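Please model the entire structure based on the sequences and the hints provided.
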Amino acid sequence: MGTVEYIQHHLTNNHIGEGFWTFNLDTIVVSFLLGALIVLVAARLGKQLESGTPGGFQNFVESILDFVSTNVRDAFPGHNPLIAPLALTIFVWVWLMNFMDLIPVDLLPYLFQLVTGDSHAYLKVVPTTDLNTTLAMAAVVFGLILYYNIKCKGLLGFIKMFLFHPFGKFFVPVNVVMTFIEEVSKPLSLALRLFGNMFAGELVFLLIALIGGTLAVGAAALFWAPLQAILDLAWLIFHLLVITLQAFIFMVLTIVYLGMAHEEH
Amino acid sequence: MSINATLLIQIIAFLLLIWFVNKVLWGPLSKLMEDRQKKINDGLSAAEKGKHELELAEKRAKDVLKDAKLQAQNVLSQAEKRGSEIVEDAKVKAVEEADRIKASAQAELEQEVSRAREELRKEISSLVVSGAEKILNKEVDAAVHNDMLDTLVKSI
Numbered sequence: 005m006g007t008v009e010y011i012q013h014h015l016t017n018n019h020i021g022e023g024f025w026t027f028n029l030d031t032i033v034v035s036f037l038l039g040a041l042i043v044l045v046a047a048r049l050g051k052q053l054e055s056g057t058p059g060g061f062q063n064f065v066e067s068i069l070d071f072v073s074t075n076v077r078d079a080f081p082g083h084n085p086l087i088a089p090l091a092l093t094i095f096v097w098v099w100l101m102n103f104m105d106l107i108p109v110d111l112l113p114y115l116f117q118l119v120t121g122d123s124h125a126y127l128k129v130v131p132t133t134d135l136n137t138t139l140a141m142a143a144v145v146f147g148l149i150l151y152y153n154i155k156c157k158g159l160l161g162f163i164k165m166f167l168f169h170p171f172g173k174f175f176v177p178v179n180v181v182m183t184f185i186e187e188v189s190k191p192l193s194l195a196l197r198l199f200g201n202m203f204a205g206e207l208v209f210l211l212i213a214l215i216g217g218t219l220a221v222g223a224a225a226l227f228w229a230p231l232q233a234i235l236d237l238a239w240l241i242f243h244l245l246v247i248t249l250q251a252f253i254f255m256v257l258t259i260v261y262l263g264m265a266h267e268e269h
Numbered sequence: 119m120s121i122n123a124t125l126l127i128q129i130i131a132f133l134l135l136i137w138f139v140n141k142v143l144w145g146p147l148s149k150l151m152e153d154r155q156k157k158i159n160d161g162l163s164a165a166e167k168g169k170h171e172l173e174l175a176e177k178r179a180k181d182v183l184k185d186a187k188l189q190a191q192n193v194l195s196q197a198e199k200r201g202s203e204i205v206e207d208a209k210v211k212a213v214e215e216a217d218r219i220k221a222s223a224q225a226e227l228e229q230e231v232s233r234a235r236e237e238l239r240k241e242i243s244s245l246v247v248s249g250a251e252k253i254l255n256k257e258v259d260a261a262v263h264n265d266m267l268d269t270l271v272k273s274i
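Line by line, the protein sequences give chains B and C.
Residue numbers for the first sequence follow the numbering used here, beginning at 5 and rising by one.
Residue numbers for the second sequence follow the numbering used here, beginning at 119 and rising by one.
I should point out that these hints are in silico values taken from the structure, not numbers from a laboratory.
Since the model is a prediction, treat every value here as computed from it, not as a measurement.
Incorrect hints may appear among the rest.
[As the list claims (entries may be wrong)] Pulled from the structure, derived: some chain B residues nowhere near chain C, Cβ distances all over 10 Å:
#1 F24
#2 T74
#3 R77
#4 V96
#5 F103
#6 L111
#7 Q117
#8 I154
#9 C156
#10 L160
#11 F168
#12 P170
#13 S193
#14 Q232
#15 L245
#16 M264
[Claimed, not checked] Listed next, the in silico DSSO-like pairs over lysine-lysine satisfying Cα-Cα at most 30 Å (straight line):
#17 K149/C to K167/C
#18 K51/B to K141/C
#19 K156/C to K51/B
#20 K164/B to K190/B
#21 K141/C to K157/B
#22 K149/C to K51/B
#23 K155/B to K141/C
#24 K167/C to K184/C
#25 K252/C to K272/C
#26 K155/B to K149/C
#27 K190/B to K157/B
#28 K157/C to K51/B
#29 K141/C to K190/B
Ideal Cβ placement from N, Cα and C applies to all residues, glycine included.
What follows is the structure, encoded as structure tokens:
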């Protein structure tokens with residue numbers, strides 16, 4: 005298998021359907037499983053909540069909760085009971101989906117190929133390297149931004165924001181274009197930032213995997229294999245930071261954008 | 119890698135997950151943490167109040183102790199005073215008694231002395247009379263010589 009082929013194979017989703025009605029099965033299944041994991045763990049934890057002296061795992065979850073609610077309190081003016089659970093969901097889910105990136109790139113596809121018996125079966129395990137996932141979340145956030153803009157400013161106020169923001173009433177056409185770009189760039193930047201980071205990270209993992217996979221033949225493997233291991237470890241440690249940072253950024257920007265939507269002009 | 123219907127599924131998944139997280143995780147746990155926060159705050163304020171009350175009680179105890187000390191001192195000094203008074207009284211009384219006893223003894227003594235003197239005088243007078251009788255060899259008329267006898271007795 006050639007280099008290009010190897011990478012392309014890794015970056016192709018396991019999908020069914022044609023055109024727009026294509027379903028990326030791996031993305032859907034993995035993200036659903038991770039979501040279900042969150043719900044199951046939460047439900048199990050919920051049954052044995054301890055008010056007085058929480059045990060280890062509850063402490064861990066509580067610290068995440070505390071972290072999220074501190075961020076919400078810092079970045080979000082006023083009070084909205086939806087913001088904190090939304091932020092928590094984004095942080096945990098995105099982090100888990102990003103974490104799939106740290107599983108050795110060939111492990112899950114290889115196991116999948118073994119299980120299905122199809123040596124050419126596609127499997128792309130990181131849902132956030134699928135633009136559909138990040139764009140879906142950004143779209144939901146965008147919907148909430150629109151909803152709270154209209155709810156807090158009124159429909160008239162929202163239209164006014166488009167007409168007179170940022171340059172005042174003498175530049176109405178410019179204002180409309182500017183505000184439109186400003187609003188649309190919010191979800192787009194959210195989706196593309198996460199997607200880009202994770203996609204690039206995955207690509208680097210693939211390239212590192214190629215060092216040992218294709219270049220090492222015979223005695224040269226003695227040099228290339230340890231190099232691959234060291235590089236892989238280095239990138240993994242760095243990437244651990246990246247996936248956390250990206251989940252955090254997605255969460256904070258969501259809070260900030262929704263906070264802006266709540267502000268009255 | 120293009121946008122397709124997966125987007126719709128992911129939107130639904132995301133919405134469902136938000137709902138679940140809110141219901142199962144955020145709701146109960148944040149309520150629990152809030153309750154705990156409130157409990158801790160209550161406990162702290164109660165402790166603060168208890169401390170304050172303790173301070174007050176200590177102050178009160180100190181006051182009471184001071185009062186009691188003062189009172190004890192008073193009682194003690196009074197008792198001392200009263201004691202010395204009693205001693206003084208007893209002394210005065212003893213002196214008086216002694217004086218009285220002394221006086222009565224003196225009086226008795228004097229009485230005794232005068233009585234003895236009287237007896238002596240009588241005896242002497244009778245001795246003198248009998249002596250004179252013997253000398254004169256006749257009876258002396260006591261009545262006639264009474265005056266002389268009296269002067270005699272008195273000169274003894």
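Comparing the hints with the structure gives:
no.	hint	result
1	F24	5 Å, violated
2	T74	12 Å, holds
3	R77	12 Å, holds
4	V96	8 Å, violated
5	F103	16 Å, holds
6	L111	22 Å, holds
7	Q117	21 Å, holds
8	I154	19 Å, holds
9	C156	20 Å, holds
10	L160	29 Å, holds
11	F168	32 Å, holds
12	P170	30 Å, holds
13	S193	16 Å, holds
14	Q232	26 Å, holds
15	L245	25 Å, holds
16	M264	20 Å, holds
17	K149/C to K167/C	27 Å, holds
18	K51/B to K141/C	13 Å, holds
19	K156/C to K51/B	22 Å, holds
20	K164/B to K190/B	19 Å, holds
21	K141/C to K157/B	29 Å, holds
22	K149/C to K51/B	14 Å, holds
23	K155/B to K141/C	24 Å, holds
24	K167/C to K184/C	26 Å, holds
25	K252/C to K272/C	22 Å, holds
26	K155/B to K149/C	27 Å, holds
27	K190/B to K157/B	19 Å, holds
28	K157/C to K51/B	21 Å, holds
29	K141/C to K190/B	28 Å, holds
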